[in-house]
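As given, the protein sequences belong to chains E and U, one line each in that order. The numbering used here numbers the first residue of the first sequence as 1 and each following residue consecutively. The numbering used here numbers the first residue of the second sequence as 198 and each following residue consecutively.
Simulated from the structure, these hints should not be mistaken for laboratory data. Hints are not guaranteed to be accurate.
If you only want the chain U side, here are some residues facing chain E, beta carbon under 8 Å, derived [what the hints assert, rightly or not]:
{"#": "1", "residue": "ILE200"}
{"#": "2", "residue": "GLU207"}
{"#": "3", "residue": "GLU217"}
{"#": "4", "residue": "ASP298"}
{"#": "5", "residue": "GLY299"}
{"#": "6", "residue": "ARG586"}
{"#": "7", "residue": "VAL607"}
{"#": "8", "residue": "VAL608"}
{"#": "9", "residue": "ARG646"}
{"#": "10", "residue": "VAL699"}
Away from chain E, derived, C-beta distances all over 12 Å, residues of chain U [unchecked claim]:
{"#": "11", "residue": "GLU458"}
{"#": "12", "residue": "ASP504"}
{"#": "13", "residue": "THR676"}
It should be emphasised that the depicted structure is a prediction, and the values quoted were computed from it without experimental measurement. The C-beta atom is built at its ideal place from N, Cα and C for all residues, glycine as well.
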Amino acid sequence: MESPTQARWNPWKRSATRRNDVNEIAEQGDGRDEEGQFVRPASVEALFRQSYTSIVQSLALAGGDLAAAEDATQEAFAQALMSWSRISRYDNPGAWVRRVAINKLHNAHRSRLRGETAVQRMNSESSTASSTGEPESDLVLGLQRLPYKQRVCAVLFYLDDLSTAEVADAMGISQGSVSQHLNRARNALRAHLEVTP
Amino acid sequence: MTIDERISAELRRHAPVVDEQVAWDRIRSAAPVRRRARAMKLVAASLGSFVLVLLGFILSPYLSSDSDPAADAASPFLGTWVSSDLVDGTTATLVIRALEDGNVEMVMHDDVAFYQIVEDPLGWVCSGGAATTTGTGGLQAENELVFPAPVATCDDQPVEGLPPPVEVLESLTFTHDPGTDTLTDNLTDNSETTWTRIDAELTSPWPIWPQTNLEEVREAQELADAGDPDYTWQLGGESWYQPSQNHTNDSELFARFLEEELGWEEFLWDHAVPHSEGVSYIRCAPDLTNPLYPTDPEGSGCAPTIDELRYETVKIRVAQLAGQGPSGIWVVTGWEMVEPFAQADPRVVEAEATALLEDFLQARIDGEGAEGLAAPPEDHQLSDELADREIPLLYATSSGARYERSEFEVVDGPVWPEGRMQFEVRLFAQGSDTVVEQVFSLQPNETGRLGLVYEFEPATTQNGMAMPVEYAFLDGEVTYRAASPLEPSDDGYREWDRLAIVGLLPDDDAPRRVLLFLADPRPVGPDCVEGPAPADAEALARSIGSDPDFEATAPVEVTIGGTPALQMDVVLARGASSCSWSEPQVSGTSPLLLKHAPVFLGHDRARLYLVDLPGGSVRVLTIAMITDEDSFETVLRWAAPIVDSIEIHTS
């Protein structure tokens, strides 16, 4: 089905005097695509280009399931696209998307408990992403054996370079808990580094 | 390189490759579908409010209903309302007033609106501009107000000289909830917008501080936009979107209002009594230590102002009237003194707690009547797994010895302001040879009355040994007992059909999965494709035994929970293919069995118990202990009591 971004040109223009974020979005490239159509969530795409890959990579490493990480992240971006007038006002929309994606991944994981989604997943098309092709490292395998929160803390901290405060915000837990999870994850992963110098 | 740098580098090296373009196409195609789904009739997004506020003022003299019976019936709808849950999360304003003919008239305004035309899903009206919707309607049912054909008008003129676009909507309906005095509408199909009444007393005059009218607010917004420090202090942050929930005690707007307008010198955000429609502050007596909580970290610095217990309490409302988001300034739009907040008297709390504990412990010694004096927590993180939510060893030790005496000590509290306390209880039996220790909390229940609550953590101990707790798996078809430090995991491996028992064992530096329960596990075949779940334990054992990727011992007949079972030890064969972590895995889909890298590594060994569950909701229960060779015996030793405690409850 055709999406609004592919719809016919809507001739109504916006007030030039109104001050709001939508205006700012519209002013980026005039807010229209090459065919002159109104493309409101242009900044979502910018946000997507900026952060999609890193979010998927971190969730894939944390959850051990690339397809699930893609699903969760794409759903989070779709939600951002729908609610961009609100999300765009946040200080860090990327942090919002990351947090939503983490929650969705966790919820999706829990909702699979009775196998319904598993069946759907088995019948769905395969993931569009591929692994690096690198042999699995002991460290990555060791990461998968950590408790869930330790895994998420570790990838956000080590892969995404988030501060402990940012990790806490993304996970909705206290900074002290993050430090505790990170410390345990670091101790556990250290052993795997020693066999992979 | 440091350890941290090496971990980072290794994770980066193994991060998966991601196809952005395909993903973006999916997102773009998915979002409009969802948007349409939510907006069969119309989607109204955020709203601002100058026009509405002005309308509110203009219409306010007419808001009171006259004596007309029809208007009287519609009176619950009359007034000014603010939406709280529109699609993009911001607020809109709605004014409903009575007409002389008995009908009612509505004016709804939003500053950033997206109207979607029903007949043309690709037709969008206003596209983010301001819109005003007006209509005339009447009661359709007791609590249902219908506007048959309201007209939505985009406030902006699309092209100079042309009239603004207009869309006629279908049967806009508002439903009034008398219990909460809120309205819901049918603007969106899949989600309801809730409208909250603006208290006229609180909003008149509106705005009130520090600007005194809307024009001043607009001018202040422009100056704040320009960075004028005289106005930028009115800016909030991201958390200010819900000031009543994401509040901090150092918000300058509130602080200055309290100091400059109300003359309060010291105050505290009343987090204990959050209000959905405003932020509450309590007033603290200046330069006084709270005499009832002199050492409490938070409460010691806030002494009551009314009497020994009560504080002057104010509820404050704030709003952004000239711009939304972090760049919009906030103003106080209303305030009122509310019922004074009262701290608990720690002397009373301690006396009540002592009496309660003494009664409770005496009842346990007497052997009856203790059940009603303490309870497990209403919500516990392991509530779904606990097979038995009763207080353990209530009247006797594990050997059945009755208690002879007791003692308790305060571990924590009373904590300001509710007076929460925590106690460690000891019960003695067999001439004090046996000591049972438990921790109880004194917490307010739903009615505010303090009651004793048994905390499952820390665990009950008997002579220093943690007592096992009974848990359930497969909705109670399988029960087992585990003692601290082992318990069902909260690490994401706790589902209906799979469960890990996890704990931090002595000498370990991280929690370890000691045992896995898997319901109808599916063997993993070539190319990491999972096969169907075997029909019974014997078939599963054959599948494992014939898999060239495994070296497995021959199945040995054992008994688990009184049910015949098969025991096997399994390791990965040299050169065996291990499934990639990025493939569907145990925690991601239905339970796979072995050959899966995160669970089963090349240097690991597994002890499996395969149990038929005739009459159960699944066919085969697999109990797996998987760990590296060095830890194998240790894990078996810790898992053994759990395995021994398993009971099967299928027919």
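Structure-based check of each hint:
Checking U/ILE200 against chain E: minimum C-beta separation of about 6 Å stays under 8 Å; hint holds. At its closest, the beta carbon of U/GLU207 sits 5 Å from a beta carbon of chain E; the interface hint therefore holds under the 8 Å criterion. The criterion of a C-beta within 8 Å of any C-beta in chain E is met by U/GLU217, whose closest approach is roughly 6 Å, and the hint holds. Hint status for U/ASP298: violated, given a least beta-carbon distance of 35 Å to chain E, over 8 Å.
Residue-level restraint check for U/GLY299 is violated (minimum Cβ-Cβ distance to chain E is 37 Å; threshold 8 Å). The closest approach between the C-beta of U/ARG586 and any C-beta of chain E is roughly 21 Å, which is over the 8 Å cut-off, so the hint fails. For U/VAL607, the suggested interface contact is broken, since its CB lies about 25 Å from the closest CB of chain E, more than 8 Å. With its C-beta approaching chain E no nearer than about 20 Å, U/VAL608 sits outside the 8 Å limit, and its interface hint is violated.
The beta carbon of U/ARG646 comes no nearer than 30 Å to any beta carbon in chain E, farther than 8 Å, and the hint placing it at the interface is violated. The criterion of a C-beta within 8 Å of any C-beta in chain E is met by U/VAL699, whose closest approach is roughly 7 Å, and the hint holds. Interface exclusion of U/GLU458 from chain E stands, the closest Cβ pair being 28 Å apart, more than 12 Å. At roughly 36 Å, the least C-beta separation between U/ASP504 and chain E is larger than 12 Å, which holds for a residue marked as non-interface.
Non-interface status of U/THR676 relative to chain E is upheld: no Cβ of that chain comes within 12 Å, the nearest being about 19 Å off.
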